[in-house]
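Given the sequences, and given the hints that come with them, work out the whole structure.
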Amino acid sequence: MFGALDLNLRSVENGSAGTLKSLSNDGLSTSRIGSRGLEDLGDGLKAGFWLESAVLPDVGSSNATKFFNRRSTASIIDPRFGELRLGCDNVPTFTAIGVFDAFGTNGLGEVLGNGTGVGLVSTLGSGANTLTRADNQISYFLPALLGGMYGQLALAAGEGKVGDKVASGRIGFAAGPFGLSLSHAESRVAAGDQFKQTVLGGFYDFGVAKAMAQ
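Residue numbers (our numbering): 8 to 221.
I should point out that these hints are in silico values taken from the structure, not numbers from a laboratory. These numbers come from a predicted model, not from an experiment. Hints may be right or wrong, so weigh each one.
To be verified - Beta-carbon label-pair distances, calculated as ranges:
#1 Thr205 <-> Asp13: 26 to 36 Å
#2 Ser18 <-> Phe88: 32 to 42 Å
#3 Gly10 <-> Ser31: 13 to 23 Å
#4 Arg17 <-> Thr72: 24 to 34 Å
#5 Asp200 <-> Gly155: 31 to 41 Å
All C-beta atoms in this analysis are idealised placements derived from N, C-alpha and C, irrespective of residue type, glycine included.
Rendered as structure tokens:
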């Protein structure tokens, strides 16, 4: 079992409209609860599962119509060949956005990933349900023993739903204080139309401070 609760006091002032004081959540991290596990199958091969749900601790409820809305996956992992993962999970572009943002997916990552408050992203992504996560996704991850190189390929079947089908991938390198990644996703939103998103990001850790850009 694992989880995190993030609660904060918030005051928002909007000129003549007045001031709103509230108890809110998800300031620095996403409030969540989950369960995960690994089973050793022998010869280094492992089977794993991950079930994770976002929660709203200020009111004590889930924040989505489906309970395991953050992740619901089963995996086969081999240290020599990588990981095959099935289920509802982050798309590679959203993962990349969180890696290169100081607040993860709660700062700029939430804006870019969800299109919240950004007219360009929300307009171009109209009808795309795969900006953050995708249902029915099949992912392959490169093994960890590649000297800092990592990668992921993912395909989610739309199962007849417009905006749910997405093909995406991510390739990157991280070693010592330096990291760089390129990711891309394409989702069909209508007949002949596609929403495309490309994320290039990098970081350098100076020890006393860490610089990030994307």
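Evaluated hints:
1. Thr205 <-> Asp13: 26 to 36 Å: Cβ of Thr205 to Cβ of Asp13: about 30 Å, so the range 26 to 36 Å holds.
2. Ser18 <-> Phe88: 32 to 42 Å: 52 Å, violated
3. Gly10 <-> Ser31: 13 to 23 Å: Given range 13 to 23 Å: holds, Cβ gap about 18 Å.
4. Arg17 <-> Thr72: 24 to 34 Å: Given range 24 to 34 Å: holds, Cβ gap about 25 Å.
5. Asp200 <-> Gly155: 31 to 41 Å: 37 Å, holds
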